[in-house]
Amino acid sequence: MAGAHPQAQTEDQLVVRQDRPNYAALLLVLPALALLAVLYLYPLVSSIWMSLVSGEGLGLANYRKAFSLYWVDMVYTVAIAILSQVLVFVTSVSIAGYLRFEKWPLLNLLYRLPLFIPFLIVGHSMRVFLAPHGVMNMMISRVTGIRELPGLAFGWEGLVISYVWKQFPLATLLMLGAFESISDSMIEAAQNLGCSRTRAILSILLPISSPTVMVAMVLTFVSTIGCLSIPLLVGAAKPVMLPVDMSFRVTYFNDWGVANALGVISYLIVVALAYYYLTHMTREEGV
Amino acid sequence: MWRRGMITRLIVLVVVGFVVIGPLVGTVIWSFAVKWYWPNPLPQELGLKYWANAFGKRSQVLGALGVSMAIALIVVAAALLVSIPAGYALARLNVPWKKAMLVLFLMPQAFPQLPVFITMSSIFYRLNIAGTVVGVTLAHLVVSLVYSVWITTATFKSVPAILEDAAVNLGCTRLKAFFTITLPLAIPGLIASAIFVFLNSLDEFTGTFFIGSPYVRTLPVLMYTASMGYNMQAASVIAVMLTIPSLVFMAVLEKFLKAEYIHGLGV
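Top line first, the protein sequences correspond to chains C and D. FYI, my numbering numbers position 255 of the first sequence as 548, with every residue one higher than the one before it. FYI, my numbering numbers position 262 of the second sequence as 1011, with every residue one higher than the one before it.
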């Protein structure tokens, strides 16, 4: 296409030229592609391969061991991720819906703040904030006079709070973008017929922007399932999230087979969502 | 009616403010706390002691900052070097299997990255680059490709191809037209891409933790060690140091703020 020379060619030829794949252009993509193949695809494929190899040879032994040792953690991980996801959904729909109707620059700025805080720092900050004698309890003690408050860190509550805190701004930002691209006239028509704002959000804004809402949910769910730093810093000692199991399996037991089996299981948990995301993104880009 | 609205707004602001800012305020206060024993709501003694320690002579923080910066800058340079040609080709030329390639470049974001880092560390161990800056740089680079390839592709798509075609029609070579017309027009987008890659590398923890340990200590790894050892002040000082560049750059980059890109920061 870039080689097109409009004066020298008729329109027909141009179309033909556009349709013909430019194999020379592959050379330009090649360095980036080679890096990705060597540093991402090769480890990805070999992690799947290593999950199948154990002392007994090729087979599912690592998976059997992974399930018998870690089935509680698998259920726990999925449950925590789903609970966080529900809360992320409710929070982000409320904020994005509110901001769709009311221009409020301060709130618009405030909710975005966690976007810029890396996961690791979220983990540390929540550790400081939610511990039994943490910053939050100190403040609440001062206001209410109650001395010994339970800490929320080092348990499922701390994990859920940390994940929701980190993930809701992304979901809100994406959803608000989609909500704002829906024209006022459609919403006003519904409101003229007696539709409330809440109802307008639930039955007009959400259904129309459902692809964006899905993308927001996929991105936040995948990074919750795969995050290591937050559960290391604010999780309980037991049960733990799967990334912690993977990490311990390697660092303490030097057991790559089971670690990779857990890795493949985490791929399988998100595979349908990842497929949706990848097809959606390439469709959006118009390629 | 307006009063009810004001009161609702005030309540929303206090709740959202406490929830969103609270944890960060806690970390900032801890970084300036010299003595802070329970149950005081504020530190008994405030001061710059731990900040001075961090920048002092025997500090590990400065060394880690140097390592982090060096890795991030190399990653930016390498990512741009491979992404500019790739982004140009994907945006302008009829590359075969284009869709499949864009999917490949997005994959690190669609699946959990931890298993890849774990396996990468065993591969790097065999190649003798586990525990080295080279290994960590390569790990950061692969995650950065998501941002750099997608942002440069979008950038080159936004520069009208007709400008370059016009120059070529007037006898300019394709290469010269690229360097004098398309590339200068793409600079803002390329800077945005560089900043995303830089921040992602600066904040990266998981890959560094597996591939760099125990010899490569970047700021996030040092912060993690300090926080796990209940060295709250030292950890909070590093946490604040790592947060400032993100906040500053992101304020500058408002225009390029596409949620998907910032999302992966510092996993």
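Derived from the structure by calculation, the hints contain no laboratory data. A hint or two may mislead.
A few chain D residues facing chain C, derived, Cβ under 10 angstroms [to be verified]:
#, residue
1, Leu-773
2, Ser-832
3, Ala-835
4, Arg-841
5, Pro-845
6, Trp-846
7, Val-865
8, Met-869
9, Phe-928
10, Leu-932
11, Ile-936
12, Thr-955
13, Phe-958
14, Met-972
15, Met-977
Take a look, some chain D residues computed to stay more than 12 angstroms from chain C by CB distance [as the list claims (entries may be wrong)]:
#, residue
16, Trp-800
17, Gly-815
18, Leu-839
For each residue, glycine too, the CB sits at the ideal point set by N, CA and C.
For each hint, the structure was consulted:
no. : hint    : result
1   : Leu-773 : holds, 6 angstroms
2   : Ser-832 : holds, 6 angstroms
3   : Ala-835 : holds, 4 angstroms
4   : Arg-841 : holds, 5 angstroms
5   : Pro-845 : holds, 4 angstroms
6   : Trp-846 : holds, 8 angstroms
7   : Val-865 : holds, 5 angstroms
8   : Met-869 : holds, 4 angstroms
9   : Phe-928 : violated, 14 angstroms
10  : Leu-932 : violated, 14 angstroms
11  : Ile-936 : violated, 19 angstroms
12  : Thr-955 : holds, 5 angstroms
13  : Phe-958 : holds, 7 angstroms
14  : Met-972 : holds, 7 angstroms
15  : Met-977 : holds, 7 angstroms
16  : Trp-800 : holds, 17 angstroms
17  : Gly-815 : holds, 19 angstroms
18  : Leu-839 : violated, 7 angstroms
Of the numbered hints listed earlier, those contradicted by the structure are 9, 10, 11 and 18.
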